[in-house]
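Chemist: Letter by letter, the chains look like this.
2 protein chains.
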Amino acid sequence: MNIPQSSFKRVIIIGGGFAGIALARKLCKKEFQVVVMDKNNYHTFQPLLYQVSTGGLEPDSIAYPIRKVLQGYPNFFFRLAKVLEVDTENNKVHTTIGELKFDYLVVATGTTTNFFGNKDLEKYSMAMKTIPQSLNLRSLILENFEQALLTDDYHEREALMNFVIVGGGPTGVELAGALAEIKKGILPKDYPDLDTRRAQINLVQGSDRLLPEMSEIASKKAEDFLEQLGVHVWKNVRVESYDGKLAHTNTETTFETATLIWAAGVKAVTLEGLDGDNLVSGSKRLRVNQYHQVNGYEHIFAIGDVAQMELEAYPDGHPMMAQPAMQQGENLGENLVRTLTGKTLKPFQYRDKGSMATIGRNKAVADLPRFKFQGVFAWFVWMFVHLYFLIGFRNRLVVFINWVYNYVKFDREARLIIRPYKKQYKTQLD
Amino acid sequence: MNIPQSSFKRVIIIGGGFAGIALARKLCKKEFQVVVMDKNNYHTFQPLLYQVSTGGLEPDSIAYPIRKVLQGYPNFFFRLAKVLEVDTENNKVHTTIGELKFDYLVVATGTTTNFFGNKDLEKYSMAMKTIPQSLNLRSLILENFEQALLTDDYHEREALMNFVIVGGGPTGVELAGALAEIKKGILPKDYPDLDTRRAQINLVQGSDRLLPEMSEIASKKAEDFLEQLGVHVWKNVRVESYDGKLAHTNTETTFETATLIWAAGVKAVTLEGLDGDNLVSGSKRLRVNQYHQVNGYEHIFAIGDVAQMELEAYPDGHPMMAQPAMQQGENLGENLVRTLTGKTLKPFQYRDKGSMATIGRNKAVADLPRFKFQGVFAWFVWMFVHLYFLIGFRNRLVVFINWVYNYVKFDREARLIIRPYKKQYKTQLD
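Line order of the protein sequences matches chains A and B.
Numbered per my numbering, the first sequence spans residues 111 to 540.
Numbered per my numbering, the second sequence spans residues 111 to 540.
Keep in mind the hints are simulated off the structure, nothing from the lab.
One or more hints might be untrue.
For chains that are exact copies, the list does not tell them apart, and a pair is met inside one copy or across any two.
27 Å max Cα-Cα, derived DSSO-like pairs, lysine-lysine [stated by the list, open to error]: (1) LYS192 - LYS299; (2) LYS192 - LYS294; (3) LYS355 - LYS149; (4) LYS299 - LYS140; (5) LYS140 - LYS233; (6) LYS532 - LYS178; (7) LYS233 - LYS211; (8) LYS453 - LYS239; (9) LYS532 - LYS192; (10) LYS482 - LYS178; (11) LYS178 - LYS330; (12) LYS139 - LYS482; (13) LYS202 - LYS229; (14) LYS119 - LYS482; (15) LYS136 - LYS299; (16) LYS149 - LYS299; (17) LYS211 - LYS519; (18) LYS482 - LYS519.
This is chain A alone, in the form it adopts within the complex:
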């Protein structure tokens, strides 16, 4: 793949997410040859995908060209490629564009949606882990309302306006809040000839509280906020099947819906050749030690959501969020630099900066290490933190302007069906 030989050691980083980019930035001025591979030519700011789906932000504002991150560093290379297999014997990766030897390999492939083997769910429900998926969901939501206008069938219309979000983590909570605001602020104006009060937003959570990774008070407040916005929150309910029209759960409750959004689980994106004892069953995460080394390998590391570092305080690994990913990337970068001069390596220490979720206009919940708060102030902090961690000045500015505009005008102008989504929903319920 035309990467020149170099006297520096070659680090291959697979994945340009939070972890991979943080690592790359640490190595940029050091004596390494760094090859970043990603199947996209951009970094995705995943925490804001739900705003793309709901027409609040343009997709390009939460994406950033990876080549631009690496600009100006002569020992940096980017390759648009998918890694197929790791040859651990010969320290080589096999990719869609050929093979390449490495001195150090860093797996930062992140996670993908986990349908837990349910093929129907995978086929009929919508995921929201990538920008194209978010755009598909945006198209589908808008297409549903266009279709609801046309039908005289009561059941069909109800199903088209019934949204079921499965999974009460941050993604589900934030998406439910955004949909509720669309229902209130935009639908009645855009569809005066449709009784949009009948639109339903259901948030289905398998356990007994929303945002289970956050504090009890955050969970409680998030639920209150959602109910104020008219979202139906279903706790201790698990969706077990969905055929494109009807969702069955573990309870009596069923949902007739044209739109089921699956945000109820993720699994690591694994690579052939690294399977086996290293994988945590279920999540498929790679077990790593405190130096991010994948168990059994000296020169293969994993960072970010794909890695599971089992410490006393985090027996199931760190939370799958941007913060641990970035800190892991930085720590690994520092340690690799230390190897250049034979210095002792620093074991990874996670500095928990807290977590937060926004529910809607003026409504957010925040758990900081010393301080938990909810409401308007949390909402401002949430916006500030997200702007801060977005990559690129232009992205920050455009996102900021969109937020101010949306706030002042109670609007979301990116409600565009740029590419129609070919939906599976049948126009007639049998």
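Keeping the supplied structure of chain A fixed, place chain B upon it in accordance with the hints.
Modeler: Positioned in the frame of chain A, the structure of chain B alone reads:
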């Protein structure tokens, strides 16, 4: 399609482009029931499509939800539909979502790319008339460079970096300028491991000057500007065939290229049922009189690019630009309102406000009715005019910010392959 009966006369407008929207706005507070149909739920600001293709603007900034234009007017309806046929006997349209009767029908369907029946050209070349097409071109341009990095075949690499734009009208000229600026400002930084000086931008024009609709001095200056930017301008050359690799022309010149952009002709988007004597041969435009009535019909009108009003000053109809389209929409709207009170109709008079084209940073050409000028001032006027005619405050603001950013930073950050374009180019030249 669930449009209620009304005591007002029903006007069906097919197409939410410049003409259709201008007409709709004139009718919004009047005693008409207005049904706007479009196959997209948004208005496209076509003059800026080339900036989407070249990563300078986000697609959502040049699109505007049609429903938002019509918000707040109870007698206005939008339907996402494609019109299949006009039943002129019964005053009805047949569409993908059913049929509907009209009192007045306004055809504002615009134009589509004209490949003049050449199937290979249609299959292998890129068009740039819609937002998805512009995004496909954006993806392809970026994919080409990623692919050029990987090949050791000299011919293949040259072909991947060789861009051929066919058609020297405003679209071709503006796209060539933008590509030349990318070559200069971005490629060397993004692809340090590729000899991007070898990238070629060819602009092929069938006649003896660029921008044939503009003044001689504008043509001359546009050509000078392009050559300063390193674009190869080929005049009196017509591309006659392209098989995805090799383009033959009417001269000795051939082009080995992976990317041929076809901006050399348009034809009207016609409707079944309106064919026959009304169509101009070749362009397929509908002949209309000075009241926009399609020849032979009293209640069927055509406005915008699809219409050809043959006046002494414009024997082949008005130029296919936003200005005539908007003015026609406004004139027809006023006349329809006049019919309500039995007032005399006003024949259409085109007020030529001039035309302009931008070539690149600080470089544009402008022909105003009393004043022709080129260079920095024309470039500022071009930007001002385009911002002014963009629909929506948010779009204007976001476009403005992107322009300022791109200007100050010599950058274009939307160089994202959000959806890969499945290209036809074979990786091996036979």
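Chemist: What label fits LYS202 with LYS229 when the C-alpha limit is 27 Å: within, between, both, or neither?
Modeler: neither (34 Å within a copy, 45 Å between copies)
Chemist: I want to check one pair: LYS136 and LYS299. Are their C-alpha atoms no more than 27 Å apart within a copy, between two copies, both, or neither?
Modeler: This pair counts as between: shortest inter-copy Cα distance 20 Å, intra-copy 49 Å.
Chemist: Indicate which option fits the pair LYS140, LYS233 if close means a Cα-Cα distance not exceeding 27 Å: within, between, both or neither.
Modeler: neither (46 Å within a copy, 48 Å between copies)
Chemist: Are the CA atoms of LYS532 and LYS192 at most 27 Å apart within a copy, between copies, both, or neither?
Modeler: both (26 Å within a copy, 16 Å between copies)
Chemist: First find the shortest C-alpha distance between LYS355 and LYS149 inside one copy, then the shortest across copies, and answer within, between, both or neither for a cut-off of 27 Å.
Modeler: between (33 Å within a copy, 26 Å between copies)
Chemist: From the Cα coordinates, with 27 Å as the cut-off, is the pair LYS192 and LYS294 best called within, between, both, or neither?
Modeler: Neither: 42 Å inside a copy, 29 Å across copies.
Chemist: With 27 Å as the alpha-carbon cut-off, assign the pair LYS482 and LYS519 to within, between, both or neither.
Modeler: neither (30 Å within a copy, 40 Å between copies)
Chemist: At 27 Å max between alpha carbons, let me know whether LYS299 reaches LYS140 within a copy, between copies, both or neither.
Modeler: So LYS299 and LYS140 pass the 27 Å test across copies only (19 Å; inside, 56 Å).
Chemist: My question is about LYS192 and LYS299: at a cut-off of 27 Å on alpha-carbon distance, are they close within one copy, between copies, both, or neither?
Modeler: between (44 Å within a copy, 23 Å between copies)
Chemist: Under a CA distance limit of 27 Å, which applies to LYS119 and LYS482: within one copy, between copies, both, or neither?
Modeler: neither (45 Å within a copy, 60 Å between copies)
Chemist: Have a look at LYS139 and LYS482 and pick one of within, between, both or neither, based on CA distance no larger than 27 Å.
Modeler: neither (39 Å within a copy, 52 Å between copies)
Chemist: At most 27 Å between CA atoms: does that hold for LYS211 and LYS519 within a copy, between copies, both, or neither?
Modeler: neither (54 Å within a copy, 36 Å between copies)
Violated hints, in rising order: 2, 5, 7, 8, 10, 11, 12, 13, 14, 17, 18; the structure is consistent with all others.
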